[in-house]
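**Student:** So the chains spell out like this:
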Amino acid sequence: MREEEIRSAIAKAVEQVRAEKPLVPSITNTVTQDFVANAQLAVGGAAAMLYLADECESVAKVAPAFYINMGTAMPFYEETLPQAARALFANKKPWVLDPVGIGLSELRTKILTQLKIYNPAIVRGNASEIIALAKLWQLINEAGGNVHGVESTEKVSAAKSAALAIAKFTGGAVAVSGEEDLVTDGENVINCAGGSELFTKITGSGCALGGVMAVYAAVTTPFIAALTATTMFNLAGSKAAAQSEAPASFKVEFLDNLYELTAEEVADNFRVVGSFENMFNFGME
Amino acid sequence: MREEEIRSAIAKAVEQVRAEKPLVPSITNTVTQDFVANAQLAVGGAAAMLYLADECESVAKVAPAFYINMGTAMPFYEETLPQAARALFANKKPWVLDPVGIGLSELRTKILTQLKIYNPAIVRGNASEIIALAKLWQLINEAGGNVHGVESTEKVSAAKSAALAIAKFTGGAVAVSGEEDLVTDGENVINCAGGSELFTKITGSGCALGGVMAVYAAVTTPFIAALTATTMFNLAGSKAAAQSEAPASFKVEFLDNLYELTAEEVADNFRVVGSFENMFNFGME
Amino acid sequence: MREEEIRSAIAKAVEQVRAEKPLVPSITNTVTQDFVANAQLAVGGAAAMLYLADECESVAKVAPAFYINMGTAMPFYEETLPQAARALFANKKPWVLDPVGIGLSELRTKILTQLKIYNPAIVRGNASEIIALAKLWQLINEAGGNVHGVESTEKVSAAKSAALAIAKFTGGAVAVSGEEDLVTDGENVINCAGGSELFTKITGSGCALGGVMAVYAAVTTPFIAALTATTMFNLAGSKAAAQSEAPASFKVEFLDNLYELTAEEVADNFRVVGSFENMFNFGME
Chain A
0 MREEEIRSAI AKAVEQVRAE KPLVPSITNT VTQDFVANAQ LAVGGAAAML YLADECESVA
60 KVAPAFYINM GTAMPFYEET LPQAARALFA NKKPWVLDPV GIGLSELRTK ILTQLKIYNP
120 AIVRGNASEI IALAKLWQLI NEAGGNVHGV ESTEKVSAAK SAALAIAKFT GGAVAVSGEE
180 DLVTDGENVI NCAGGSELFT KITGSGCALG GVMAVYAAVT TPFIAALTAT TMFNLAGSKA
240 AAQSEAPASF KVEFLDNLYE LTAEEVADNF RVVGSFENMF NFGME
Chain B
0 MREEEIRSAI AKAVEQVRAE KPLVPSITNT VTQDFVANAQ LAVGGAAAML YLADECESVA
60 KVAPAFYINM GTAMPFYEET LPQAARALFA NKKPWVLDPV GIGLSELRTK ILTQLKIYNP
120 AIVRGNASEI IALAKLWQLI NEAGGNVHGV ESTEKVSAAK SAALAIAKFT GGAVAVSGEE
180 DLVTDGENVI NCAGGSELFT KITGSGCALG GVMAVYAAVT TPFIAALTAT TMFNLAGSKA
240 AAQSEAPASF KVEFLDNLYE LTAEEVADNF RVVGSFENMF NFGME
Chain C
0 MREEEIRSAI AKAVEQVRAE KPLVPSITNT VTQDFVANAQ LAVGGAAAML YLADECESVA
60 KVAPAFYINM GTAMPFYEET LPQAARALFA NKKPWVLDPV GIGLSELRTK ILTQLKIYNP
120 AIVRGNASEI IALAKLWQLI NEAGGNVHGV ESTEKVSAAK SAALAIAKFT GGAVAVSGEE
180 DLVTDGENVI NCAGGSELFT KITGSGCALG GVMAVYAAVT TPFIAALTAT TMFNLAGSKA
240 AAQSEAPASF KVEFLDNLYE LTAEEVADNF RVVGSFENMF NFGME
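Sequences listed follow chains A, B and C, in order.
Residue numbers 0 to 284, in numbering that gives the first Met the number 0, belong to the letters of the first sequence in order.
Residue numbers 0 to 284, in numbering that gives the first Met the number 0, belong to the letters of the second sequence in order.
Residue numbers 0 to 284, in numbering that gives the first Met the number 0, belong to the letters of the third sequence in order.
Honestly, the hints are just simulated from the structure, not real lab data.
Warning: the hint list may mix true and false statements.
Identical copies look the same in the list; a pair holds intra-copy or inter-copy alike.
Said to hold, decoys possible - Okay, derived cross-link-like pairs now, DSS-like style, lysine-lysine, Cα gap no bigger than 30 angstroms in a straight line:
1. Lys134 <-> Lys11
2. Lys11 <-> Lys109
3. Lys109 <-> Lys92
4. Lys92 <-> Lys11
5. Lys167 <-> Lys200
6. Lys60 <-> Lys92
7. Lys60 <-> Lys200
8. Lys92 <-> Lys200
Keep in mind it's a predicted model, so treat the numbers as computed, not measured.
Just chain A, same shape as in the assembly (with noise of 0.2 angstroms):
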């Protein structure tokens, strides 16, 4: 793919939202549940929140997409977290995991062992979380030269190997949230700039980026679908610290702009850091 495909995709898929409206459900935490339906919505889509495992299997079969996020885990998550992904990948929906917590607790390792051969079309995340998930996978060597631990302090650039064996394994995309956003298909990396230090202040803006990738994934491919949501979220939040500098009216004006950017808008503005040529078929060192 070069650049202006990838332009003219991410267009179409900012479109084909805003037309189709999907109905995009999650299993979500609770704390960030009105700002990933907001964000949901305000890019064209449809949001519901489910708990249960055989209403999550019942959604399964007609949604478009799904978004999981193991956030605020609650005792009955054993059941619907891997009953939802099976659904999910026996329907052939394409669904995003958000691996937030990941070696909290055994529940979520254990849940999170299980998803593995479910096959999320993206998973999304910070470094720490996307390396701790490559390692519990066991897709990346333990004792690898780039693995430091689960520090929420890790780089993007750290995880670049773990992003990759990811993608690989899944044949999806994998996408790392940090200062600079790391975006793979397991074969091309993409490292977007943009976006404002004010996404920190507010809480949530990592888990409504995941619910956004998933209703893009309803519409394209996976890699296509995180390079969307990243660069809308990035755009809307640059735009939004230029009108705001500080948090709560941050995020107002965020989900304002995420609601008025154009298709035309954002392919424009899919910034890449350094050359966009040099950015693909970095593959795995």
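Using the hints provided, position chains B and C relative to the given structure of chain A.
**Tutor:** Relative to chain A, chains B and C alone:
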């Protein structure tokens, strides 16, 4: 009831809630609890959200009204919802039912079937939900002409027979939300105008409307409570849409307007579709 | 401690949180998690909400402080809350208790009774809740003069004996929120002024205050932590009320102000009711 009586009853309800500050508890979905509570507070009420059956039974004795929104069903709702409704019925307390997600799982079907005998004072939903509930409660003919399944795209007018049937059965009111809202007490049918398309771009405006109806149900009849809340939302929504063109700032403006509306303003701006006189005594065709 | 020492300790706490960014987990109600987390982030901390007992035990070992808000009790809280408190106590970690909803059910009574021995560093509540907790923990005479039941309309001053008794028992601090706030370490009693009536028109300002107290408890004594958070809220609330007259925009302005307050500004504007000197050594009447 004639037009002037209704306007006067609405104005009285607005003022009485501001004076009495009724605390109206809810069982409601986790996605929009913040919005529901803030809307209830903005009109002058007070809010409390509950999950446990015994806590609902306990507050059913003292609360002046209650809101039950099926929203994000959790495993323990099987116990909580029917016990709450039974206690509210036993204590003769008006309660509002929002059957969101009807048909999504066997649990929801089982719970909603059980709730039938506990007479919700107000049932609020979109057209599809109201039609589905009327069918589930066997109040309309399964094979009836204007029932075409549970599409969320169903028009409000298509739910008129279902709304009338439910209201006749409960002896309370039914409100169908959509571009135009329909409110009926089983005999009179009023179509309310106003609001904004932006309501569909934020999550929870329907839930918040149900919660505010429950607040008004603490001080007036179900029919007037449903009309008052609907009018408040339509007016505050119209004003907010004149102040903001994007969803997040719209939501802020909407809640601010909800807080600032005067009783006189609400009564004066109670807008119906078509001639007011024609709204009444439609009855069941 | 004298006035200048307190002002200086408050300024230091404000700066230290901004420098250290302590991640302070919470078990807190589902209604206001977004507000709690965003308030914690706005003052410079970081947030994580939990439901599972083993996850709480796990983070109790590494988190510098913790927030427990009874809020929306779920069935599994019977296990989660006591185990979290026991782990925090065992690991000598300061934790803040908000006994909201005390007395609403046998489960809450049972849990709150169990929590007594785990010494919360700070107890925060409204007057009625603090009185009810002091009674439940048998720290004040059930038939005592200034205890008139658990009306939420109880004045802050009516809870002074209860607050002192709890603080003397825990060896920590107690904060009673109301028009004027009372903060005590069991010996000194400080009444803080400021804030805005609009706090009563948004949901969760009390919860957010408790969560922010826990953030400051990560870097300073319980008494200074309670005073710092109270002063931050009073000052940011006063400023927000000068910028906005309605609740939703007030909330946005409040969080923005919370983020923008300087340590100097907070220390300078630490306002007490009456003469500062008279605040101290009230002791137990």
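**Student:** Could you figure out if Lys11 and Lys109 sit no more than 30 angstroms apart (CA to CA) within one copy, between two copies, both or neither?
**Tutor:** neither (38 angstroms within a copy, 43 angstroms between copies)
**Student:** At most 30 angstroms between C-alpha atoms: does Lys109 with Lys92 qualify within a copy, between copies, both, or neither?
**Tutor:** Answer is both; intra-copy 23 angstroms and inter-copy 28 angstroms each pass.
**Student:** 30 angstroms Cα cut-off: does Lys60 pair with Lys92 within a copy, between copies, both or neither?
**Tutor:** within (8 angstroms within a copy, 40 angstroms between copies)
**Student:** For Lys167 and Lys200, with the copy left unspecified, which applies at a CA distance of at most 30 angstroms: within, between, both, or neither?
**Tutor:** neither (33 angstroms within a copy, 36 angstroms between copies)
**Student:** For Lys92 vs Lys11, is the C-alpha pair at or below 30 angstroms within one copy, between two copies, both, or neither?
**Tutor:** within (20 angstroms within a copy, 52 angstroms between copies)
**Student:** First find the shortest C-alpha distance between Lys134 and Lys11 inside one copy, then the shortest across copies, and answer within, between, both or neither for a cut-off of 30 angstroms.
**Tutor:** Close neither inside one copy (35 angstroms) nor across copies (41 angstroms); limit 30 angstroms.
**Student:** How would you classify Lys92 and Lys200 at a CA-CA limit of 30 angstroms: within, between, both, or neither?
**Tutor:** Only across copies: Lys92 and Lys200 sit 25 angstroms apart there, 33 angstroms inside one copy, limit 30 angstroms.
**Student:** Is it within, between, both, or neither for Lys60 and Lys200, if the alpha carbons may be no more than 30 angstroms apart?
**Tutor:** For Lys60 and Lys200, the Cα distance is within 30 angstroms only across copies (25 angstroms; inside one copy 37 angstroms).
In this structure, the earlier hints numbered 1, 2, 5 are contradicted, and the remaining ones agree with it.
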